[in-house]
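Undergrad: Below are the chains, spelled out letter by letter.
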Amino acid sequence: NAGVTQTPKFQVLKTGQSMTLQCAQDMNHEYMSWYRQDPGMGLRLIHYSVGAGITDQGEVPNGYNVSRSTTEDFPLRLLSAAPSQTSVYFCASRRTSTNTGELFFGEGSRLTVL
Amino acid sequence: AQRVTQPEKLLSVFKGAPVELKCNYSYSGSPELFWYVQYSRQRLQLLLRHISRESIKGFTADLNKGETSFHLKKPFAQEEDSAMYYCALGPSNVKAAGNKLTFGGGTRVLVKP
Chain A
1220 NAGVTQTPKF QVLKTGQSMT LQCAQDMNHE YMSWYRQDPG MGLRLIHYSV
1270 GAGITDQGEV PNGYNVSRST TEDFPLRLLS AAPSQTSVYF CASRRTSTNT
1320 GELFFGEGSR LTVL
Chain B
6 AQRVTQPEKL LSVFKGAPVE LKCNYSYSGS PELFWYVQYS RQRLQLLLRH
56 ISRESIKGFT ADLNKGETSF HLKKPFAQEE DSAMYYCALG PSNVKAAGNK
106 LTFGGGTRVL VKP
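Line order of the protein sequences matches chains A and B.
Residue numbering for the first sequence follows this note's numbering, starting at 1220 and increasing by one per position.
Residue numbering for the second sequence follows this note's numbering, starting at 6 and increasing by one per position.
In case anyone wonders, no lab produced these hints; they're calculated from the structure.
Ideal Cβ positions, reconstructed from N, Cα and C, are used throughout, including at glycine.
Over the 10 Å line for every Cβ pair with chain A, so calculated as not near, a few chain B residues: (1) 16; (2) 25; (3) 61; (4) 117.
Now the stretches of chain B that chain A is said to cover, found in silico as 3 or more residues with beta-carbon under 8 Å: (5) 40–53; (6) 105–114.
Here's a subset of chain A near chain B, in silico, CB distances under 10 Å, partners left out: (7) 1222; (8) 1254; (9) 1261; (10) 1262; (11) 1264; (12) 1267; (13) 1275; (14) 1322; (15) 1323.
The task is simple: from the sequences and hints, build the whole structure.
TA: And the structure:
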């Protein structure tokens, strides 16, 4: 199993551009989520999904859209990039049938907005 | 609202010395607490969870509901323990509150030889 795969690993955007960060998992996990990691602020939840067709907002959803058309994929869309969205983005998944809380993370996508 | 606080951004210790990473939380329900670790150039991964009451790589953590803390401890730090550590909080009822995990700000541990 590849686990959680994120693409691209690095991206540079100009202010106002849009892009999509891709996330795919092959573990048949119901729950998928996107976090951003910023120095001193830890990991903050952007959006999450508990199954195909179901998404919800996390702590910092503004400026981002998500969709969950399949169990495997959970893309994150930046509609109009801003410098404040410069960050490292992590996709993570887990089963919802257990209480273990073990999130499986992707390798991260480093985004720079100029 | 659920909140996790890690007061130390950086902990620097010598090899063989004890290390303790502090984690305090606020949560109105019954929480599950976790420690995640990110080694250099590796993915974030689960280190341990409070419900397992296990020791992983020599680390232990005790949930203190009275003090709302879940500090991570290791009696003798090793150089390979150098990493970023995150405390995380979630609901014990997996169907509650959208099943969200909230992370603290992280503590970077540097173990010097």
